[in-house]
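Participant: One-letter residues, chain by chain:
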Amino acid sequence: MRAARAAWRFLRGEPFAFVGAAIYALIVVTAIFADKLAPHDPREILRVGRRVARYLPISPEHWLGTTSSGRDVLSQLIWGTRSALQVGLTAAIVVVAIGTLMGLLAGYLGGWVDKLITRLADIVLSMPFLPFMLVLAALTQPGTTVVVACVALLLWPNTARVIRSQVLSLRERAWVEAARVTGCSNTRIMFVHILPQVLPLAALYGSVAIGWAILAEASASFLGFGDPNTVSWGVMLQEAYANQALGRGAWNWFTPPGLAIVSMVLAGFMISRGSEKLLFPKLADK
Amino acid sequence: MKRHVVAAMAVAGLVTSLPVSAQPAGDPVRTLVLLAQPQAALPQEYQAAELIAAAWRQLGLQVQIRPLPSQQFNQIVWYERQRWDTTTWQMVGRPERSDPDELTYNLFLSANIANGYNFVGYNNPEYDRLASAQREELDVAKRKQLMIQAQELVNRDQPYGFMVHPKNVVAFNKNVWDEKSIVDQAGIGARNTWTWLSIAPLGAQRDIILNSVSTPTNLNPFNISGAQGSWAAEITWDRLMRIGTDGLPQPWSAEAVTRPDPLTVDVKLRAGMKWSDGRPITIEDAVFSLVAPGIGDKSPMYKPFVANIANVQATGTDTLRITLKKPDAAFLVSSLAKLNLAPKHVWEPIFQSLQGKPETAESVMETTPVSSGPFRMVKAKLNEEIVLEANRDHWAAPKAARWIMRIQPNTEAALGALRSGEINFLADYNGDPQILRDIAKADPKIKIAEALDMGFKFIAYNHRRQPFNSTPFRQALSASIDRELLAEDAWGGAAVPSNSWVSPALTFWHDQGIEKRVPGGNVEAAKKILKDAGFVLVNGRLHYPAGVKETTAPFQ
Amino acid sequence: MSRSGFLRLVAERLGFLVLTVWITTTVTFLLFRLMPGDPTLAYLSPTFNEETRTALLRSFGLDKPLWEQYLIYMGNLLQGDLGTSFLQRVPVSQLLADALPNTIILTLVALSIAYAFGIVAGAFLAFQRGRGIEGFAIPAALATRSAPEFWLGMLLLAGLAFQLGWFPTGGAVPPGSNLGGVVDRLTSPEFWRHLFLPALTLVLYLQGLPLLLMRATMLEVMNDEFIVMARMKGLSRWSIVMRHAARNALLPVVTAFALGLGASVGGNVVVETVFAWPGVGRVLVQAVQGADYPVAQGAFILISVVLATMNTVADLLYAALDPRVSVGARR
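Protein chains in written order, with the working numbering: chain A, 1 to 286; chain B, 287 to 842; chain C, 843 to 1173.
What the hints contain is simulated information worked out from the structure, not anything from laboratory work.
This structure is a prediction, so every number in the text was calculated from the model and none was measured.
Mixed in with the good hints there might be a few duds.
What the hints assert, rightly or not - Now the stretches of chain C that chain A is said to cover, found in silico as 3 or more residues with beta-carbon under 8 angstroms:
#, region
1, 983-991
2, 995-1004
3, 1110-1118
4, 1124-1130
5, 1142-1150
Stated by the list, open to error - Beyond 12 angstroms from chain B on every Cβ pair, some chain A residues (computed):
#, residue
6, Ala7
7, Pro15
8, Ala22
9, Thr90
10, Val113
11, Asp114
12, Phe191
Glycine included, each C-beta is placed from N, C-alpha and C at the ideal position.
Work out the full structure: start from the sequences and follow the hints.
Facilitator: Structure below.
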């Protein structure tokens, strides 16, 4: 409760973070009530008589028209929030979990553990992200699992580095020393004492990772390695592109999913930018 | 306790069987998985698969569409033949398929079930007999009768669910090219060798600039390049014969080809032809070109085309005689119009240097290819463009100055390039034909040429897995497919309904009206076929006939 | 840092680079050998039989055991031999050599413009700290970074190429032009016309990072004591910003440029695909789609090596430029 009030106070003072959080809230609500909000089943092939209802323009019946295969664009857009949240959140949680753990181990234990993790991070960072995802998707089954796995496998070093340097400075603090003297185990110090201190920072990286995951899913789908059975914004864009929505000038089809992606990724950025004062008080002094 | 359960089960059994108490049912048919390539790769096929799945659901089946990336898709369908239920597939048109023999012999012959082209596993001795008989029959009228019988047999057995024959939709800039100089080749359309030779410029622009949506492969006389690469190969290298616009083979680099008996082919070479390095084309070159693919395994893709040749012998300075192992009605089409003429003085040393190495002649790259065709290769940047220039010394020299193929994988961009004049021949278009028609309507310089293709699109049933081994079941599936709807809505009108592997574009061989004679012909009739064969609907779900167990594991 | 200390750092970094490249190439090898599907599938045709298939597999070297393939692969790599394309039957190194200059030109041009713009705009915004323009400029910079690159490309293509017809719709050179060499291309106006849209897409996408980075470091530097001192000495605000703050703030931006160069070579795949730009990224995408392992493998290795090298360069640049950095205590 107190945390909620603190968050609210923070948001009121931070217009960027406020807008970001508002976008997230809107997306979450849409995702929860997607089945109630969407006027049609997003996978249903709509018909006009015997024929398929292709490329219907914007109308009261179809607010954003229909696709080349006779599906309702608005319904797909609404259902897309579910897949976006699912991909974004899983990827963010996995990245943050791995990154924080690695950063914590490297920063606190130091020595060869630090060296090993830092080297591993360097090697991972020299794997090109999109190409790696393409190859992995072609190797296994295209779909969201690959996207999440790639984001997790390749993006943890960013979080780990930041957490590591944070831990390095925390380690030298008096209360950590005190805990050590009173006989606390390393594990306990790391996970009980230090972890809570670095979690806000980690969460911030998580909000950015949500964005990366959604962009990654969109790119993979665009190149034909998405999960064609899900309704996602990336798949919508790819369908529009493959079915020549550009040539038909079907702006009603290919603009909305792109805007949806932009707003969701932007929300993550805005929250983390908005929180820069919280994180770097040095800047806020000015 | 136990007794209650048994009683409950008995009641449940009674209830479920009540609506159909007249007909006892077997197990419910498992969920059938229809494989397809992703929408991104083949949007039209994907939509067709969705429409067909919807129709099959009306028969009481549970159907799931499973899109797979092309590589996995091909791997499963081709090399894991026990595994899948049913899939979308296609056969594309090629000049050498103007003779129906290749597909007739390969697609349904029982000898090809294990690892050949009969990947569905159709097995009917009567068909085997017809397919072999037509191959050995040199009398055209008799051979036609055999072809008609074969098509009727396949119509009865429905080894495939035929969907449509696509139309080839191309477009060109009629401010640049004289409309009348563009010719149609049966089953191929306006984009063909004859057009490249006869197309006449109206003004200063004399370069044919066409597009290709995929990257061509290495160009040399012993590599079969992909579809688009073949367009360039066909005009770069000469062949003894070519398929004419009527779909029949005609002498090209040969002056005359005669068949004194079923096993003998006599060829007389055209006089005065030269290689691009200035040397004359000799009868030794012609013999070499027919023999080389068969030596060792250095030309694996061309080897099958010479497999039936027992012997080739020069019989004079400009004549040679080919002796065949078995009679082959389609030999002129499948071999003489297919094999490229290659210079012996260039390629014999190359073949020798390849002995004992893993590489084949297919990957040999020539810096300046020595060829004799109506065009010559100037530049081959396979990811950007291929540039050929007219060979003015050729006896059939083209009217255009250069032939430039731009590699443009994006359909939208290709359309834009046609409108802006970057390309003047849209040769490779697999997009929505309606968009192209709209563009042509709005832009007077663009002219569309649509022609029926000799290829076909179909749903393959895996006969190795029940219930696809049941002929009535396949008939019912085929009958429920609304081919007009597919042609109109999935292919945007650029297709016609199909019920045979011999396209109506091959007028002579096609079994007229067969697309209207699918047994049953609609969803209601399909339901009746299933009922008559003992299949039972239980609460809307299709069950096997009484006593039949579902023993096949669902596709994973 | 002492001179010998720096040399030691260089040696250490280079050694690590070699290790990284070895690990990357080995992982790549294993990945591709585990790929499902058989390369001969690409050739299916009714005339295709078992004999043809075996001959093809042998010519690809796929009939040997895995460890033997690995030794051959590594040996060939050391000699710069990346094998032969399954599909196109030409040496992979040649396909890549054709494509690499296009990718590098596109990347360098876009990155330079993006960074030039980002640095100036970032410095300007730092200067305008707390004013109304921030409320518009920062979300705008963030928004361009949030948009999928291919979608930006689609919008530009739909508007500027399809509807207005100002730019070509794809490719790098006009049809049949003899712009083979890099110099020919760079001096041809047509080439730049083709380059415009893909480069613009990348610029839009890339400018956000240098802008925000420049702004943040400028703000940080302007708080430093020496700036405060200079201010007290009565120097004008502008000259302080330009002469002192900007110079110091540039350091992380320069490092980010080197990192960005490496990352863009791999990240260009979507932009190159949208605009049919004949670069390494498009070669990779086509090869993966067509299961042309040697090409996909070669393109992937090339991209990884460029990325790893640029990471190393960035590290060294940072060490060379920043006197505060000492060996072992980076970041």
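Participant: Next step is simple, just say for each hint if it's right about the structure.
Facilitator: To see whether the hints hold, each was checked on the structure:
1. 983-991: holds (count 7)
2. 995-1004: As far as the region 995-1004 of chain C goes, the hint holds, because 5 residues have Cβ atoms under 8 angstroms from chain A.
3. 1110-1118: holds (count 3)
4. 1124-1130: With 3 residues close enough to chain A, the hint holds.
5. 1142-1150: holds (count 5)
6. Ala7: Answer for Ala7 of chain A: holds, closest chain B Cβ roughly 42 angstroms.
7. Pro15: 40 angstroms, holds
8. Ala22: Ala22 of chain A clear of chain B: closest Cβ-Cβ about 34 angstroms, beyond 12 angstroms.
9. Thr90: 22 angstroms, holds
10. Val113: 40 angstroms, holds
11. Asp114: 41 angstroms, holds
12. Phe191: Given a closest Cβ separation of 41 angstroms, the condition holds.
Every hint, counting from the list given before, is met by this structure.
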